[in-house]
Structure formats: C-alpha cells, structure tokens
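**Student:** Sequence:
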Amino acid sequence: MNSTGNHDTLWLYYDDKLIMLPMEYLVVDDQIHLDQMRLSFASIIFETIDRDRHYLRKWLPFVDQTRKIEDTEHFVKHLMKIRKESGDEVYTIWYKGEFAGLIGFKDSDNVNRKTEIGYWLAENM
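Quick note on numbering: the sequence shown equals residues 174 to 298 in the numbering used here.
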C-alpha cells in the first residue's frame, strides 16, 4: 500500500486499487497519519486482526469474538454511532501508507483538558 496526498484528498493503494480519502485525517509527520474511522476500513481492520490474532489477544478482549468481516463491520458501525452521540473519536493509524492499527479518544473533558487514549498496533509495527 502506498499513499500520496494533497490538500483536498489522500490517495491510498490497497490491493492494487486506488482509494480516495477525504480530508478527515490528521497528519502526524511525513510517515504517519490518522484517518477518521469509516466503514470502508472494516476489511483491512479485520484482515489485520485475523492475521495477528495470537499477538493481539494478549491485550484486546474482542479478538476471539471477531471471527468474520461482518463482526468488524458491526464494530465500525458502533464506533461511528458513538462518535455522533458522544463525540468520542476513533482513527485508523497509517504508517508509510500501511495500515498500522487503531487509536481512540474518549471521555474527553474540555473543562479539565483531558481525554482517555487507547490504541492497538499490528504485530509488524
């Protein structure tokens, strides 16, 4: 997977397909960006969980309940619903154009300037 970007869109190559992404992403540096969760990422998330089950199950309780792509699609839809209801955000993490994991920001408190951060990374990261 490779990516190129401009100020309006981000282009990713995945399985020899070019995917255009809107500007709902955060650039960390020239190698890392965070992209807002969307349903189109369910397959790459599932593939990563499925491939890295042994590694991820040490930290993630949902790994053993994630058996098919539909499980991940349901999870992503749930995250998108939570975002609308509570403002909690989950982003995909991309490193050098490769999917690397997820990061979430929840229970944000603007008055006390705090938020809870959780993340997981693929084994090869």
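Derived from the structure by calculation, the hints contain no laboratory data.
Watch out, some of these pointers could steer you wrong.
Result set (BS3-like, lysine-lysine): computed pairs, CA atoms no more than 25 Å apart in a straight line [said to hold, decoys possible]:
1) Lys287 x Lys269
2) Lys257 x Lys231
3) Lys241 x Lys231
4) Lys279 x Lys231
5) Lys254 x Lys287
6) Lys241 x Lys287
7) Lys250 x Lys279
Derived CB-CB ranges, DEER-like [to be verified]:
8) Arg226 x Asp203: 16 to 22 Å
9) Val284 x Arg224: 27 to 33 Å
10) Asp223 x Arg286: 24 to 30 Å
11) Tyr228 x Lys279: 20 to 26 Å
12) Lys279 x Ser213: 29 to 35 Å
13) Lys287 x Met253: 19 to 25 Å
14) Glu197 x Tyr268: 27 to 33 Å
15) Ile290 x Glu246: 32 to 38 Å
Heads up, the beta-carbon is just placed ideally off N, CA and C, and yes, glycines get one too.
**Student:** With reference to the structure, classify each hint as holding or not holding.
**Tutor:** The hints, checked one at a time:
no. : hint                        : in the structure
1   : Lys287 x Lys269             : violated, 29 Å
2   : Lys257 x Lys231             : violated, 30 Å
3   : Lys241 x Lys231             : holds, 20 Å
4   : Lys279 x Lys231             : holds, 22 Å
5   : Lys254 x Lys287             : holds, 22 Å
6   : Lys241 x Lys287             : violated, 35 Å
7   : Lys250 x Lys279             : holds, 16 Å
8   : Arg226 x Asp203: 16 to 22 Å : violated, 31 Å
9   : Val284 x Arg224: 27 to 33 Å : violated, 41 Å
10  : Asp223 x Arg286: 24 to 30 Å : violated, 38 Å
11  : Tyr228 x Lys279: 20 to 26 Å : holds, 24 Å
12  : Lys279 x Ser213: 29 to 35 Å : violated, 22 Å
13  : Lys287 x Met253: 19 to 25 Å : holds, 24 Å
14  : Glu197 x Tyr268: 27 to 33 Å : violated, 18 Å
15  : Ile290 x Glu246: 32 to 38 Å : violated, 24 Å
Going through the hint list in order, the structure does not satisfy hints 1, 2, 6, 8, 9, 10, 12, 14, 15.
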